[in-house]
Amino acid sequence: MKNRLKVLRAENDFTQADLAIKLEVSRQTVNAIEKGKFDPSLPLAFKISKLFQLPIEEIFREE
Amino acid sequence: MKNQDWNTQIKKNTKNLAFWSLSWTLSMALATFGPMYIWENNNALTLIGVILNALLGVGVIFANIRQLNGLDDLQKKIQLEAMGIALGVGIVGGLSFNLLDTTNLIPQDAEISQLVILIGLTYLVSIFIGQKRYK
Numbered sequence: 001m002k003n004r005l006k007v008l009r010a011e012n013d014f015t016q017a018d019l020a021i022k023l024e025v026s027r028q029t030v031n032a033i034e035k036g037k038f039d040p041s042l043p044l045a046f047k048i049s050k051l052f053q054l055p056i057e058e059i060f061r062e063e
Numbered sequence: 064m065k066n067q068d069w070n071t072q073i074k075k076n077t078k079n080l081a082f083w084s085l086s087w088t089l090s091m092a093l094a095t096f097g098p099m100y101i102w103e104n105n106n107a108l109t110l111i112g113v114i115l116n117a118l119l120g121v122g123v124i125f126a127n128i129r130q131l132n133g134l135d136d137l138q139k140k141i142q143l144e145a146m147g148i149a150l151g152v153g154i155v156g157g158l159s160f161n162l163l164d165t166t167n168l169i170p171q172d173a174e175i176s177q178l179v180i181l182i183g184l185t186y187l188v189s190i191f192i193g194q195k196r197y198k
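In order, the protein sequence lines correspond to chains A and B.
When you line the first sequence up against the working numbering, it's residues 1 to 63, in that order.
When you line the second sequence up against the working numbering, it's residues 64 to 198, in that order.
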């Protein structure tokens with residue numbers, strides 16, 4: 001699955017650590033999602049969606 | 064603030080698990096060496112030692128569950144993969160080693176401690192690889 005997390009993070013001027021704080025996950029997890037190494041669970045995807053106020057499908061899409 | 068709470072909770076859970084694991088290990092040593100060096104084969108004290116060890120073992124299990132539940136998605140995935148590999152290697156390796164023993168292809172007996180060491184080392188290596196993979 002591909003995602004726009006890195007772009008959205010940059011647009012909002014967040015560091016990976018900032019985003020990790022807001023999502024209540026480790027920075028390693030944010031990094032792994034951004035690099036496409038790890039797909040988040042549905043609850044975490046909803047958290048990301050809520051944080052950036054975007055529908056999930058505008059953040060994540062199938063490859 | 065939220066994440067600090069989350070981090071604090073993870074640290075607390077890890078310390079809790081370390082406490083229970085250490086207590087359990089010490090009680091295992093007490094139950095093993097107590098009859099030999101401290102209370103000289105007093106069966107009642109040995110039974111108390113074994114029961115204490117089992118009760119602390121239950122504590123370790125619950126502390127482990129709490130620690131796992133406190134982790135985030137990726138950390139849980141790394142743990143799950145490591146546990147799956149350790150369990151698989153433990154069962155396959157343990158049974159193969161047992162076969163070598165029962166068919167007398169090896170001179171020594173297959174000991175449970177050797178299986179525990181195999182599972183422990185496999186788990187540690189798997190965690191290390193998992194951390195590297197998702198770095």
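If you are wondering where the hints come from, they were derived from the structure by calculation, not from laboratory data.
Every value quoted in this text rests on a predicted model; they were computed, and no experiment measured them.
Accuracy of the hints is not assured; some may be wrong.
[What the hints assert, rightly or not] Straight-line C-alpha distance at most 25 Å; calculated DSS-like pairs for lysine-lysine:
| hint | chain 1 | residue 1 | chain 2 | residue 2 |
| --- | --- | --- | --- | --- |
| 1 | A | LYS2 | B | LYS74 |
| 2 | B | LYS74 | A | LYS47 |
| 3 | B | LYS75 | A | LYS37 |
| 4 | A | LYS47 | A | LYS37 |
[As the list claims (entries may be wrong)] In silico negatives: residues of chain B with every beta carbon more than 12 Å from chain A:
| hint | residue |
| --- | --- |
| 5 | ASP68 |
| 6 | GLN72 |
| 7 | ILE73 |
| 8 | ALA92 |
| 9 | LEU108 |
| 10 | VAL113 |
| 11 | ALA117 |
| 12 | VAL121 |
| 13 | ILE141 |
| 14 | ALA149 |
| 15 | PHE160 |
| 16 | TYR197 |
The C-beta atom is built at its ideal place from N, Cα and C for all residues, glycine as well.
Here's how the hints hold up against the structure:
1. LYS2(A) x LYS74(B): This hinted pair is violated, its Cα atoms lying about 32 Å apart.
2. LYS74(B) x LYS47(A): 23 Å, holds
3. LYS75(B) x LYS37(A): Since the Cα atoms of LYS75(B) and LYS37(A) sit roughly 28 Å apart, the hinted pair is violated (cutoff 25 Å).
4. LYS47(A) x LYS37(A): Holds. LYS47(A) to LYS37(A) sits at ~19 Å (cutoff 25 Å).
5. ASP68: Per Cβ check, ASP68(B) is inside 12 Å of chain A; nearest 8 Å; violated.
6. GLN72: 10 Å, violated
7. ILE73: 9 Å, violated
8. ALA92: 34 Å, holds
9. LEU108: 46 Å, holds
10. VAL113: 39 Å, holds
11. ALA117: Correct as stated: the minimum Cβ-Cβ distance to chain A is 34 Å, above 12 Å.
12. VAL121: 29 Å, holds
13. ILE141: 9 Å, violated
14. ALA149: 21 Å, holds
15. PHE160: 35 Å, holds
16. TYR197: 4 Å, violated
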